[in-house]
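Engineer: Chain by chain, the residues:
Protein chains: 2
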Amino acid sequence: MAYKQKKYSGYSTKKMGQKTSFKSSQKLKIMVLGGLEEVGRNMTLLEYGQDIIIIDMGLQFPEEDMPGIDYIIPNISYLKGKEKNIKGVVITHSHYDHIGAIPHIIPKIGNPIIYTAKLSVGIIQKRQEEYKNLPKLKFYTIDEKSKLNLGSFNVEFFRVNHNIPDSFGVVVHTPVGTIIHTGDFKIDHSPINDIPADLNKIARIGAQNVLALMADSTNAEEEGHQISETHVSRELERIFEDAKGRIIVGTFASLLNRVQQIITMAEKFNRKVMIEGRSMRTNVEISHKLGYLKIKPGTLIESENYNPRKYPDDKIIIIGSGAQGEQNAFLVRFANDEHRYLQVKEGDTIIFSSSVVPGNERTIQNLKDTLYRKGAKVIHYKMMDVHAGGHAKKEDLKLIIRLLKPQYYIPIEANHYMLRINGEVAESIGIPKENIFIANNGQIMEFTKKGGRLTNEFVPTDYVMVDGLGVGDISNIVLRDRRVMAADGMLVVIATIQGKTGKLMGNPDIISRGFVYMKENKKLIESTRMKVKKICEDTDTKSPAFDDFIKNKIRDEIGQYLYKQTKRRPMILPVVIKV
Amino acid sequence: MAYKQKKYSGYSTKKMGQKTSFKSSQKLKIMVLGGLEEVGRNMTLLEYGQDIIIIDMGLQFPEEDMPGIDYIIPNISYLKGKEKNIKGVVITHSHYDHIGAIPHIIPKIGNPIIYTAKLSVGIIQKRQEEYKNLPKLKFYTIDEKSKLNLGSFNVEFFRVNHNIPDSFGVVVHTPVGTIIHTGDFKIDHSPINDIPADLNKIARIGAQNVLALMADSTNAEEEGHQISETHVSRELERIFEDAKGRIIVGTFASLLNRVQQIITMAEKFNRKVMIEGRSMRTNVEISHKLGYLKIKPGTLIESENYNPRKYPDDKIIIIGSGAQGEQNAFLVRFANDEHRYLQVKEGDTIIFSSSVVPGNERTIQNLKDTLYRKGAKVIHYKMMDVHAGGHAKKEDLKLIIRLLKPQYYIPIEANHYMLRINGEVAESIGIPKENIFIANNGQIMEFTKKGGRLTNEFVPTDYVMVDGLGVGDISNIVLRDRRVMAADGMLVVIATIQGKTGKLMGNPDIISRGFVYMKENKKLIESTRMKVKKICEDTDTKSPAFDDFIKNKIRDEIGQYLYKQTKRRPMILPVVIKV
Numbered sequence: 001m002a003y004k005q006k007k008y009s010g011y012s013t014k015k016m017g018q019k020t021s022f023k024s025s026q027k028l029k030i031m032v033l034g035g036l037e038e039v040g041r042n043m044t045l046l047e048y049g050q051d052i053i054i055i056d057m058g059l060q061f062p063e064e065d066m067p068g069i070d071y072i073i074p075n076i077s078y079l080k081g082k083e084k085n086i087k088g089v090v091i092t093h094s095h096y097d098h099i100g101a102i103p104h105i106i107p108k109i110g111n112p113i114i115y116t117a118k119l120s121v122g123i124i125q126k127r128q129e130e131y132k133n134l135p136k137l138k139f140y141t142i143d144e145k146s147k148l149n150l151g152s153f154n155v156e157f158f159r160v161n162h163n164i165p166d167s168f169g170v171v172v173h174t175p176v177g178t179i180i181h182t183g184d185f186k187i188d189h190s191p192i193n194d195i196p197a198d199l200n201k202i203a204r205i206g207a208q209n210v211l212a213l214m215a216d217s218t219n220a221e222e223e224g225h226q227i228s229e230t231h232v233s234r235e236l237e238r239i240f241e242d243a244k245g246r247i248i249v250g251t252f253a254s255l256l257n258r259v260q261q262i263i264t265m266a267e268k269f270n271r272k273v274m275i276e277g278r279s280m281r282t283n284v285e286i287s288h289k290l291g292y293l294k295i296k297p298g299t300l301i302e303s304e305n306y307n308p309r310k311y312p313d314d315k316i317i318i319i320g321s322g323a324q325g326e327q328n329a330f331l332v333r334f335a336n337d338e339h340r341y342l343q344v345k346e347g348d349t350i351i352f353s354s355s356v357v358p359g360n361e362r363t364i365q366n367l368k369d370t371l372y373r374k375g376a377k378v379i380h381y382k383m384m385d386v387h388a389g390g391h392a393k394k395e396d397l398k399l400i401i402r403l404l405k406p407q408y409y410i411p412i413e414a415n416h417y418m419l420r421i422n423g424e425v426a427e428s429i430g431i432p433k434e435n436i437f438i439a440n441n442g443q444i445m446e447f448t449k450k451g452g453r454l455t456n457e458f459v460p461t462d463y464v465m466v467d468g469l470g471v472g473d474i475s476n477i478v479l480r481d482r483r484v485m486a487a488d489g490m491l492v493v494i495a496t497i498q499g500k501t502g503k504l505m506g507n508p509d510i511i512s513r514g515f516v517y518m519k520e521n522k523k524l525i526e527s528t529r530m531k532v533k534k535i536c537e538d539t540d541t542k543s544p545a546f547d548d549f550i551k552n553k554i555r556d557e558i559g560q561y562l563y564k565q566t567k568r569r570p571m572i573l574p575v576v577i578k579v
Numbered sequence: 001m002a003y004k005q006k007k008y009s010g011y012s013t014k015k016m017g018q019k020t021s022f023k024s025s026q027k028l029k030i031m032v033l034g035g036l037e038e039v040g041r042n043m044t045l046l047e048y049g050q051d052i053i054i055i056d057m058g059l060q061f062p063e064e065d066m067p068g069i070d071y072i073i074p075n076i077s078y079l080k081g082k083e084k085n086i087k088g089v090v091i092t093h094s095h096y097d098h099i100g101a102i103p104h105i106i107p108k109i110g111n112p113i114i115y116t117a118k119l120s121v122g123i124i125q126k127r128q129e130e131y132k133n134l135p136k137l138k139f140y141t142i143d144e145k146s147k148l149n150l151g152s153f154n155v156e157f158f159r160v161n162h163n164i165p166d167s168f169g170v171v172v173h174t175p176v177g178t179i180i181h182t183g184d185f186k187i188d189h190s191p192i193n194d195i196p197a198d199l200n201k202i203a204r205i206g207a208q209n210v211l212a213l214m215a216d217s218t219n220a221e222e223e224g225h226q227i228s229e230t231h232v233s234r235e236l237e238r239i240f241e242d243a244k245g246r247i248i249v250g251t252f253a254s255l256l257n258r259v260q261q262i263i264t265m266a267e268k269f270n271r272k273v274m275i276e277g278r279s280m281r282t283n284v285e286i287s288h289k290l291g292y293l294k295i296k297p298g299t300l301i302e303s304e305n306y307n308p309r310k311y312p313d314d315k316i317i318i319i320g321s322g323a324q325g326e327q328n329a330f331l332v333r334f335a336n337d338e339h340r341y342l343q344v345k346e347g348d349t350i351i352f353s354s355s356v357v358p359g360n361e362r363t364i365q366n367l368k369d370t371l372y373r374k375g376a377k378v379i380h381y382k383m384m385d386v387h388a389g390g391h392a393k394k395e396d397l398k399l400i401i402r403l404l405k406p407q408y409y410i411p412i413e414a415n416h417y418m419l420r421i422n423g424e425v426a427e428s429i430g431i432p433k434e435n436i437f438i439a440n441n442g443q444i445m446e447f448t449k450k451g452g453r454l455t456n457e458f459v460p461t462d463y464v465m466v467d468g469l470g471v472g473d474i475s476n477i478v479l480r481d482r483r484v485m486a487a488d489g490m491l492v493v494i495a496t497i498q499g500k501t502g503k504l505m506g507n508p509d510i511i512s513r514g515f516v517y518m519k520e521n522k523k524l525i526e527s528t529r530m531k532v533k534k535i536c537e538d539t540d541t542k543s544p545a546f547d548d549f550i551k552n553k554i555r556d557e558i559g560q561y562l563y564k565q566t567k568r569r570p571m572i573l574p575v576v577i578k579v
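So the protein lines, in turn, are chains G and C.
Take 1 as the starting number for the first sequence in my numbering and just add one per residue.
Take 1 as the starting number for the second sequence in my numbering and just add one per residue.
Misleading hints may appear alongside valid ones.
It does not matter which identical chain is used: a pair holds within one copy or between any two.
Straight-line Cα separation of at most 16 Å, EDC-like style, residue types lysine to aspartate or glutamate; simulated pairs [said to hold, decoys possible]:
hint: 1; residue 1: Lys433; residue 2: Glu526
hint: 2; residue 1: Lys500; residue 2: Glu395
hint: 3; residue 1: Lys374; residue 2: Asp509
hint: 4; residue 1: Lys374; residue 2: Asp337
hint: 5; residue 1: Lys315; residue 2: Glu237
hint: 6; residue 1: Lys567; residue 2: Glu285
Simulated from the structure, these hints should not be mistaken for lab results.
Since the model is a prediction, treat every value here as computed from it, not as a measurement.
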């Protein structure tokens with residue numbers, strides 16, 4: 001499974017320059033392909049001479065004006081023709097905004113080796129099984145002691161905390177200086193099921209002159225320090241002490257540390273645990289197998305074998321996905337009586353243990369309503385600290401900046417606005433404003449031994465959308481059509497013309513979908529039909545380009561007519577058939 | 001303008017029972033048609049014998065799964081045949097979730113008199129101008145001293161605070177007891193441009209035995225008291241002191257008290273004010289004309305006459321709509337360089353002075369990004385208290401419950417979950433649980449002199465959707481079609497069959513919209529065409545119901561084929577033409 005990798009025996013910053021041959025005029029280029037204008041599709045390129053390394057390869061969930069799109073992946077046009085230069089792909093941790101584009105991109109860039117920690121290897125491999133006929137992924141498993149030589153780059157790692165074990169920051173020693181990429185991180189001195197962020201190692205790295213720090217901006221707007229998972233545990237314990245009935249916890253399948261907390265708590269309170277939701281089960285299975293989840297034998301039971309007489313309500317806990325109200329996820333099916341074995345009942349305590357992803361507020365509100373109606377008690381993070389975010393807040397950012405003492409600061413992993421806020425944090429503790437690069441996706445940053453600059457050159461980062469099996473085949477035209485049809489539906493107008501005489505045969509056909517309900521709008525449909533008839537009869541069918549002419553005429557005139565009648569603008573699709 | 005109304009000379013609770021003839025067995029029914037399962041479409045009926053009064057008549061903005069819908073209005077099926085019983089419509093204040101359905105409903109229920117305060121009359125009348133051919137509205141203007149006799153009901157009012165002046169709570173003395181409806185409210189001891197909520201009057205009403213209190217639940221989840229507008233003013237003042245360039249404030253056009261604050265502040269700091277956005281201008285104009293906005297002569301200037309040499313940046317403030325990122329609103333056009341006279345520039349301070357409506361988070365984030373990119377500084381309510389909500393928080397609710405001392409408590413104006421939270425607030429200060437009615441839309445509450453109960457009977461409250469000129473004509477089928485087409489587009493398949501021979505003429509036509517881009521997917525389209533051809537050739541055209549049969553066959557088989565090829569499910573629209 002693990003791919004062979006020649007380890008190098010260690011280095012100092014001084015040695016490194018001598019080892020690799022390079023012209024002193026050569027530049028290091030940093031290009032962030034995604035994650036500077038959005039949350040998601042994180043992917044960063046470091047290029048020096050003929051060598052490229054990639055950090056992360058994530059997906060982004062679609063914006064509101066992209067109906068039907070599954071997700072968006074980074075644009076890799078810049079790598080075309082440079083496949084051979086890619087010395088490796090480093091993955092910081094195994095959340096989808098950092099790994100989700102792997103199945104789509106890796107085969108297209110020559111299947112380079114993926115360098116990542118044990119748990120991430122497991123999760124990436126599991127996801128890869130969903131895609132058929134792809135070349136086998138090549139992995140090299142890293143940990144906090146790993147030192148890699150990837151072309152001109154020497155790479156090492158430091159542990160950070162996040163909501164999933166095995167999250168790492170990346171240290172890239174380049175010929176012009178050391179670049180740090182934090183990945184997603186927080187600093188938790190008392191994490192659950194995880195090792196505290198290695199502040200000592202981070203400080204030692206900081207002692208060796210850091211050229212630039214690329215740091216997580218997700219929570220840069222929040223004051224203070226991120227709360228510790230131990231605090232969340234204490235709050236959960238209070239709920240466990242009070243709950244007389246079943247406890248149901250909804251969270252992300254990827255918040256594995258939260259899942260561990262709940263399982264540990266269940267064992268303490270002698271409750272049996274059911275794991276629900278496909279992704280949740282998969283993640284628990286992988287991380288249990290790899291030793292990242294500690295579960296006592298007999299703790300887990302299956303909902304299909306659940307016998308309420310054997311296990312009374314106060315001996316049961318259910319952990320499931322769906323706290324964002326995701327369609328088909330466990331919590332939603334559970335709330336709507338669509339689960340095969342489990343239903344909500346009076347006395348249930350339901351904990352929403354996750355943050356609310358922007359855009360999901362109303363859906364979650366509806367889900368809570370449904371649960372409340374069925375007599376359940378709902379607890380969420382506004383009421384108690386049943387969730388801790390996975391990202392550094394202002395004070396955490398200050399701490400890591402102080403420890404690493406970078407010359408340049410590059411906020412990453414958020415919308416532009418949040419990058420600016422993160423930049424202000426750095427400025428507030430003494431990083432000079434001109435050394436803070438608020439870049440856009442694809443904007444090239446150049447570093448030499450003399451220093452760095454944010455250029456005005458860009459590599460392509462246009463959206464690449466994934467819709468079903470199609471990658472990048474959804475154009476703006478297709479999306480525009482979807483939006484038009486979503487707003488006001490469509491009307492197909494079919495006119496059959498006799499080829500010889502050029503005469504309209506019979507009455508035109510009209511089919512409406514999503515515009516008005518035809519049975520209840522017979523008059524409108526009939527008057528539209530007569531208008532089409534008249535347009536056809538008034539048009540000279542012998543004229544050149546008759547087809548396009550009459551189609552445009554139908555589109556314009558019928559469109560205007562319907563707008564006047566209804567103030568709606570359905571898509572008009574004229575079909576002219578010549579027989 | 002004001003409609004004549006016989007005032008009654010005053011009453012005591014005792015007298016009232018004697019005045020109106022009623023059987024002691026007669027019941028008061030309270031039915032909330034909208035606002036118990038959502039935010040919006042607020043409308044409450046009180047019915048006693050042959051008398052009905054209506055409180056509020058609002059609209060609701062559509063849910064996410066209702067593409068293209070403009071808004072939703074209350075269902076008035078219950079009032080059919082009872083038009084004559086309607087003794088009046090009381091409007092608590094002039095926000096659209098309380099007045100927005102008036103143009104659609106009032107003409108259908110016999111054009112009853114609308115009882116509301118002066119500013120609300122102005123705003124309702126202005127909006128009515130957008131609708132043509134409607135009967136003229138009939139108004140009776142009320143204030144805190146008004147006492148109305150509406151059939152069996154005697155109605156009076158008490159001032160509350162909200163984000164718009166002239167917001168009132170309603171006291172309805174019925175033959176079985178007094179019902180209070182708070183409308184939207186907060187308690188502000190130091191409001192701006194408004195009179196503090198009349199706590200003394202509220203207490204006096206509470207001294208006369210209140211049967212039931214219907215109270216705003218919108219902010220029931222929030223701890224403490226709502227912050228005062230004076231506090232907001234102080235924060236705004238700090239921003240005014242620091243700002244070296246222009247100040248731009250984005251807010252709701254309906255937050256008139258905020259607009260007043262900013263204008264007053266502008267005058268204090270010698271800045272000229274531009275009002276931008278159609279609804280903002282309209283509201284400012286009406287409320288200025290009616291004396292609800294105090295503006296010194298010369299304070300307002302027009303953007304079309306704005307001469308930057310005459311008024312330097314630190315002498316300018318712009319107030320506009322669009323803080324929710326609403327399409328076509330001022331702030332969005334301003335950010336995107338689509339405004340005719342005004343553009344963002346370096347040094348602008350832009351204040352988002354409103355809460356974020358759930359669902360708008362991402363849009364607002366994008367708007368802020370755009371403004372930041374152009375060098376503006378953005379300030380919003382998370383960073384400073386530049387906004388105060390218009391609704392009672394937990395401690396405000398407790399105060400009004402203590403003052404009114406109701407026997408029954410009915411949380412209104414929010415999602416179910418929030419009603420429950422509001423109910424818990426009441427329970428926590430001693431209202432017995434069985435006297436707290438958490439009702440659903442349309443669920444009938446009955447009160448007699450002996451007490452009240454929440455029945456299990458319902459009046460109709462199904463969605464009535466407004467789309468363009470259509471009211472209630474969008475069915476679930478139409479919406480479902482829109483959703484399908486939004487997700488994966490559609491494919492029209494046209495087969496022409498010769499009537500005599502029953503043979504397919506030529507190749508079938510295929511048109512795709514929102515599914516795949518046809519030019520780039522010629523192979524797929526071609527193979528689909530061949531499949532359709534085969535289906536047509538293999539089907540016996542002489543069989544009965546051939547048309548339906550072959551259409552279903554095309555729909556099923558082509559649908560499956562395309563799903564297998566693309567993992568997308570476009571709507572398949574088969575058209576069979578016989579010539």
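Engineer: Compare the structure with each hint and give your call.
Structural biologist: Evaluated hints:
{"no.": "1", "hint": "Lys433 x Glu526", "in the structure": "neither (67 Å within a copy, 58 Å between copies)"}
{"no.": "2", "hint": "Lys500 x Glu395", "in the structure": "neither (81 Å within a copy, 82 Å between copies)"}
{"no.": "3", "hint": "Lys374 x Asp509", "in the structure": "neither (49 Å within a copy, 52 Å between copies)"}
{"no.": "4", "hint": "Lys374 x Asp337", "in the structure": "within (10 Å within a copy, 50 Å between copies)"}
{"no.": "5", "hint": "Lys315 x Glu237", "in the structure": "within (15 Å within a copy, 57 Å between copies)"}
{"no.": "6", "hint": "Lys567 x Glu285", "in the structure": "neither (54 Å within a copy, 28 Å between copies)"}
Going down the numbered hints, you'll see the structure goes against 1, 2, 3, 6, while the others check out.
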